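Participant: We have chain A already, so just place chain B on it with the hints.
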Amino acid sequence: MSAKATAAEQVVKRPVNRRDMNKFQWTIHEMKRNWVAYVMLAPYYLIFLTFTIIPVFVSLFMSFTDFNMLETPNFLLFQNYTRLFVDDDIFIIAVQNTMIFAAITGPVSYIMSFLVAWFINELSPKIRALVTLVFYAPNLAGSVYLIWQVAFSADSYGYVNGLLLYLDMIDTPVDWFHNASYVMPLCIVVALWTSLGTSFLAFIAGLQGMDRSLFEAGAVDGVKNRWQELWYITLPSMKPMLLFGAIQAITGSFGFGGIVTALAGFPSVDYAAHTITHHLDDYGGARFEIGYASAIATVLFIIMIGANGLVNKLLSKLGQ
Amino acid sequence: MAKIGKLRTRKHTVVLNRSKGGDAGIAFFLIIMGVFMFLPMLYTILQSLKPLDELWAYPPKFYVVSPTLKNFKDLFRLMNTSWVPFSRYIFNTVVISVTGTFGNLALSALAAYVLSKLHFPGKKWMFKLIVLSLMFNAVVAGIANFIIMSALGWVDTYFAVIIPAWGSTLGLYLMKQYMDSSVSDAVLESARLDGAKEVRIFWSIALPMVKPACLTLIVESFKNLWNYGSTIYIYSEELKTFNYAIGQIIAGGVVRSGAAAASTVVMMIVPIVVFVVSQSQIIETMASSGMKD
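Each protein sequence line maps, in turn, to chains A and B. The first sequence begins at 1 in the numbering used here and counts up by one. The second sequence begins at 1 in the numbering used here and counts up by one.
Watch out, some of these pointers could steer you wrong.
Stated by the list, open to error - Here are a few chain A residues that sit away from chain B, every Cβ distance over 12 Å (derived from the structure):
| # | residue |
| --- | --- |
| 1 | Arg19 |
| 2 | Phe75 |
| 3 | Asp88 |
| 4 | Leu146 |
| 5 | His178 |
| 6 | Gly245 |
To be verified - Just a few of them, taken from the derived set where beta-carbon distance is under 7 Å, the chain A residues facing chain B:
| # | residue |
| --- | --- |
| 7 | Ile47 |
| 8 | Trp118 |
| 9 | Phe119 |
| 10 | Gly162 |
| 11 | Met169 |
Simulated from the structure, these hints should not be mistaken for laboratory data. Predicted model only: the values in this text are computed from it and were never measured. Think of the CB as a built atom: it goes at the ideal place given N, C-alpha and C, for glycine as much as any other residue.
Bound-form chain A, shown alone (with noise of 0.2 Å):
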């Protein structure tokens, strides 16, 4: 407990010696102390609670009933999840699915925004701001992204389809987006597209909030480039953005679906493009099979916090 004592732990003179004390009492003696913390915690913690963690909790429980909004939940317990992994071979397809978005878009969107973002950090303040807009735009501009839609469209009025039959490359309109071989790769350009996002914009404010003293001392150091420089000084002292990133871009991979909905229809040819989330969005939203559909958030969930574990360990590495 000493080690984690802040100086301000120090300063302030303790009434009683933390040895006089079992534990729960040093707990209430410390809530007491910084019972300030909790007031200025209490109005974003209660709508968190409230509007947040009630709804995950509850539908964590649900995952183990037959929930269906109109009878009396029975309870299953395992039932859901051995369905899933047994009798659902859309499921299992949906999982191959998310899976390949994951690999490609997760690590490549995250990336793409991290080094764009330094990429433009030492360009002067008003040019830095031009090329954000440039390469924020897509995402900031809300369904702009339907514009794939009318460049790829199934008729020979798209773009592509009349570009490639002008170039004699084709000979009959391609129908892009209900296709099985392209609709999926098509998909993760539209994502890529809209990708940089907000921890694109949070790396830039964390790159202009580093303090440049560093950097000086780096190269007084023997810092020679700036590759060392990132992955000696800009990386670790950019973990905390990072680890925002991550979870970003985890989120956003693995609960990929509103873009192809949009795009492909649902359900996506073939279920070439099936994802866990369009296949919860089926049970949840159409089928009202809430039971199940709270197992296949619950499987997600359980993949996601996997991957960020993972992530975490990679982070913990920059510097070394």
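Facilitator: Relative to chain A, chain B alone:
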């Protein structure tokens, strides 16, 4: 102060080695990527300026031959035929976006300061819960959320959209991480020694230091709320949002493809303006205060 800032940067570029090859490579990468990012945006804008016969021309052209504002006029004409006055939808969206964003900023910043800089029992798991909850699917949690909303009597009111935005986990996580990396404990400590109260330290020391993160949160939260078009919690016509109303207009098929192209541009203008204003704020902060030490 400005002078110091400049001097420091100049020294910084002198000290650090930046190879010409690296600069060129980075510029090349940024240009290629920038073109990939920008072309679809440009196409969106050009589409909105095309008259109907050019929208449905064969072979389709990327550029526009005779640009027109007719699509925008059509869109505004269609807006006037809506069931409730169109200004009402815009008003709803503005109320939701502005109150939601500022509440989100205020509560997240305060909570982030506490979770990042104060020490008290329960802090660790309180933060852990927030990070974990980010990874749980919102659709499934939405069902329990709806029950809670109806119990509170908030269904079909602004509250159903605004209050959950105030408790946004993403905003809090962003602010907390930025406080961790950019607010130095030493400065807060000396303020405490001077006898300043925590709320005051937060307001006059920590908050100005995290201005870039605040602006990022504003842009992000505004973007999400501005594009809010769901009718799950709000079903009265006079409480529905701009995005929803636009969606209804452009659902009219081929004849409205011009108005649809215009609507995408109209929808994206406001978030882009908010972003540009916030960027100019960041530039100003950097220029006036120099860098922190």
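Participant: Each of the hints needs a verdict: does it hold here or not?
Facilitator: Going down the list of hints, with the structure as the test:
Remark: the non-interface label on A:Arg19 is consistent with the geometry, its nearest Cβ contact in chain B lying 18 Å away (cut-off 12 Å). The Cβ of A:Phe75 lies farther than 12 Å from every Cβ of chain B, with a closest approach of about 17 Å, so its non-interface assignment holds. With a cut of 12 Å on Cβ distances, A:Asp88 stays outside the contact zone with chain B, its closest approach being about 16 Å. Here A:Leu146 does not stay apart from chain B, with its beta-carbon only about 7 Å from theirs, under the 12 Å limit.
Every CB of chain B is more than 12 Å from the CB of A:His178 (nearest about 19 Å), matching its label as outside the interface. A:Gly245, annotated as away from the interface, has a beta carbon of chain B within 12 Å; the closest lies near 9 Å. The beta carbon of A:Ile47 is positioned within 7 Å of a beta carbon in chain B (closest approach about 3 Å), and the interface hint is therefore held. Among the interface hints, the one on A:Trp118 is violated; its C-beta lies about 9 Å from the nearest C-beta in chain B, farther than the 7 Å criterion.
Here the hint on A:Phe119 is kept, as its CB sits about 5 Å from the closest CB of chain B, short of 7 Å. For A:Gly162, the interface hint holds, since its Cβ comes within 7 Å of a Cβ in chain B; the closest pair sits about 4 Å apart. Nearest Cβ of chain B to the Cβ of A:Met169: about 13 Å, over the 7 Å cut. The hint is violated.
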